[in-house]
Amino acid sequence: MLQPTAIVLQGAFLLVLFLFVAWVVRSTMRDLSRPDEQRVAGSPPADATGIHSAVTAGAAPSGVGDPRLVVERAPGHTPGMEYEIAGGAVLGRGEQAEIRLDDPYASSAHARLVLQGGRVVLEDLGSTNGTFLNEETVNGPQPLHQGDRVRIGDSEFLFVDS
Amino acid sequence: MSARNRELFGLLPASLLIVAGFGAVFLQERTQLNNLSLTYGAIFLGLCFAAHLIIRARLPDADPYLLPIIAVLASIGLVMIYRLNETLARDQAQWFVIGLVAFAATIILLRDYRLLERYRYLIAAASIALLLLPRVPGIGQQANGAYLSISLGPVSFQPAEFAKIGIIIFLASYLRDTRALLVSRKRYGITLPRLKHIGPLLLVWGLAMLMLVFIRDLGSSLMFFGGFLAMLYVATDRLIFPVVGFGLFGVGAWFFATTVGHVGDRISAWQHPFDPRLYEQIGGSYQIAQSLFAQADGGLWGQGFGQALISVGDSPILPAAQTDLIYAVIVNELGLIGSIALLLVYVLLIERGFRVAVLARDSFSKLLATGLTTVVALQVFVIVGGVTKVIPLTGVTLPFVSYGGSSIVANFVILALLLLISDRARREARR
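From first to last, the protein sequence lines stand for chains A and B.
No gaps in the numbering here: position 6 of the first sequence is 6 in my numbering, and each next residue is one more.
No gaps in the numbering here: position 363 of the second sequence is 363 in my numbering, and each next residue is one more.
Chain A with its partners taken away, still in its complex shape:
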């Protein structure tokens, strides 16, 4: 036997559920058409979740203005410090490195940045512990894009280009 009030409450229960679904769907649709999220997500990535475009996307020359490497965290550096790298630079623990890393995991000449065809390219110099671009091991030259993270051992830098 069903109580009339219980039936009304059950109707309300289902109504709230569907309204909730509609609310989330509507907000999701709006998110998808918003430009700032699109810039990040890109138009639907060609590969699953865009894992490959994460590193290689934005292949268009990034219009080199004033490329800099900003210290995120690094032993012996103040976070926020910036290095001009328009003329290229070597990162390492050694004396001749332009960007000196006071990091036990860094090799003396660890990685280098060179300007190629209007783009800054990151290259590992056969280091012992590897160079990481957005937390991925760098194998061969990798062009850098605005917002990329370069990590060597415990030192992390942000690449900015404007």
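Don't take every hint at face value.
To be verified - Short derived list, chain A residues pointing at chain B, Cβ under 10 Å:
id : residue
1  : Leu15
2  : Val16
3  : Leu17
4  : Val21
5  : Glu95
6  : Thr128
7  : Asn129
Since the hints were derived computationally from the structure, they do not count as laboratory data.
Ideal Cβ positions, reconstructed from N, Cα and C, are used throughout, including at glycine.
Mind docking chain B on chain A? Use the hints.
Chain B in isolation, oriented as in the chain A frame:
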């Protein structure tokens, strides 16, 4: 509206659901229910609000829809459990407290979740040990032929729920490093990775098969292996991996179905649930057949809260109604309409999870979010598919809805990890 205010607003539907659901059940069964039992819903809402405050304080940029979606799922579950048994509802509300503690601990201790990568082999070894724990004599327990839970004194829990998180973390970290190598070698026009790189992946396949033999549970091994294949696909962008993987899984499952008695029984119960011989047999098709009857009885609009016949005297009409068959109870009482709404909420959860993966910047986060989301999605598929006779029925929980401590706590950890990834991704995206 800022993300956090949006999240707070999103908790409103959950509270309305609790009020309407508890109200309807209470009116319906007033004679048997304690007035105090209405407070269990209030406890739950308080916990949702606490979770919101934790996120507001620690993860200001995280996805605003994840918590409301989980809250709505958990409200549906709590209402159904309350309807089944008020004591279980109280226990479930208490499990939510522990789940919330695990949630808060994960968020606060793992400020930088990429730390997990450093301990990946430790995590993998611990997870495998957890998986095999139910077979250790003395603490392991067998239920319906499957070894899924262990009991330590008064507490019993299902280690597989936690192991799945650990294995996903390990795979995300492992595939992050090797994904380039897996696709780098081409022979005869197809991608053919070296044995050295594919070895650990074959190991995972072996593990899934081992689970089938040792734990004797097709559902959870499908869940693990499916999650693994999804991550492999995302990591390599080669369809060949999941295709070959499912083929291997099919071969293995077929082999064990024909040789291991318990798995074979499940399969024949699935194929012929209404066979009188199987229906009468202990551990036969009684559960799945009753589940189908209950769902058919629900119809389009359902029978109404409190109307499902759960047991007659001591003999259960719907065995394990609060865990395995909770979906059948929901269909019976809320009808097709209600179950569609429930499944839509799961679809939204999975959409948000994959969205976190798309927005994340580094591969580890992408793979971790993909893996965690896929495992939840597959868990829903395995249990809803089992209850509706799409695949053989196995005893996994309906995430956030079923009664069960380990499941609640583990799923809250998954939620915390997704929010952590999402917070980082969205903060970096804003810059």
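Verification of the supplied hints:
1. The beta carbon of Leu15 of chain A comes within 9 Å of a beta carbon in chain B, closer than 10 Å, and the hint placing it at the interface holds.
2. At about 5 Å, the closest approach between the beta carbon of Val16 of chain A and any beta carbon in chain B falls short of 10 Å, and the interface hint on this residue holds.
3. For Leu17 of chain A, the interface hint holds, since its Cβ comes within 10 Å of a Cβ in chain B; the closest pair sits about 4 Å apart.
4. For Val21 of chain A, the shortest C-beta to C-beta distance to chain B is roughly 5 Å, which falls under 10 Å, so the interface hint holds.
5. Here the hint on Glu95 of chain A is broken, as its CB sits about 31 Å from the closest CB of chain B, past 10 Å.
6. Because the closest C-beta pair between Thr128 of chain A and chain B is about 16 Å apart, greater than 10 Å, the hint is violated.
7. The interface hint given for Asn129 of chain A is violated, since its Cβ lies 13 Å from the closest Cβ of chain B, which is over the 10 Å cut-off.
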